[in-house]
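Student: Using the sequences and the hints given, assemble the complete structure.
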Amino acid sequence: MHAILPLIQKTDFPALHRSRLETLQVNLGYRCNQTCLHCHVNAGPTRKEMMDEGTISLVLQILADNNISTLDLTGGAPELHSMFRDIVINATALGVKVIDRCNLTILFEPGQEGLAEFLAQHKVEVVASLPCYSAKNVDEQRGDGVFEKSIAGLQLLNSLGYGHEGSGLVLNLVYNPLGPSLPPAQAPLQAKYKEELFEHFGIVFNQLFTVTNMPIQRFGSTLVSRGQFKDYMHLLKTNYAAGNLDSVMCRTLLSVDWQGYLYDCDFNQQLGISIPTTGTLKNSRPHLKDFEQYVSQGKLIRIADHCYGCTAGQGSSCGGALVE
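Residues in the sequence shown are numbered consecutively from 24, following the working numbering.
Only pairs whose alpha carbons sit at most 30 Å apart, straight line, appear in this in silico DSS-like list of lysine-lysine:
1) K120 to K322
2) K215 to K120
3) K120 to K217
4) K217 to K146
5) K260 to K33
6) K215 to K260
7) K215 to K146
8) K33 to K322
9) K312 to K322
10) K120 to K312
11) K71 to K120
12) K146 to K120
13) K71 to K312
14) K260 to K322
15) K253 to K33
Since the hints were made in silico from the structure, they are not lab data. Quick caveat: nothing in here was measured; it's all calculated off a predicted structure.
Tutor: This is the structure:
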């Protein structure tokens, strides 16, 4: 694996400052039942890192004590954490909206029986990865047989009400390019996804999120190996759109890693770029234990060249394109 941080640390990206915190994005661990080429977390079946019970208690306490409207659960496959369902139950009891970033195939893994029904029961918003409506393209990126299982997962969620108007069960899909290119315009691609998935599989969903591949971790290392890293960074920079700065997700989101350390976004987490500290913070890596102190003092967002990935073209975030 190539070291990416030295390639992007020096940057001319404009300064960013946080506004009101709305979302706590929590990475429960890096274990996953898939190993995807584009994965910026470098997740896979052999990863052992998982959040402990004490840190999970801190997450729930912070949700209870602060006006944070959304808990965004990610991984790896967040559902593989033994306390995943406990977290959902406790967070929804607090009136917090819970998002599950689901790879769909996890619904059929041993030990995950009844998972789809559980998500529906607690009205968890499902954000499901489906990088294409073509079996060939999905399997190329995610592994043989993944497309077929993903379709089965979507059909299962549909059968429970997900994606249907008026059900209150939100099902959003995520598209990302197969290689070093920007995503196409989100609205027409969403229309094409809806047409293809309904016509061939009877599948419905709410929205499609188009996401730019970040030049870090597994994807960034692959770019370096193929001699494409500089060209991809040039693509991101030449398509920079200043109008996206107001809507980038780091302005309203805080990322928490499996050990409880705080970052401005999930990408900074994977690069080891922790949130800025102040003179009164003893810990050089702010933790959930420092949450109140950070929120009252920390406003500056840490940046590097990978930030161009969120501001290129139509923009990119965990909620898809920033502008059309």
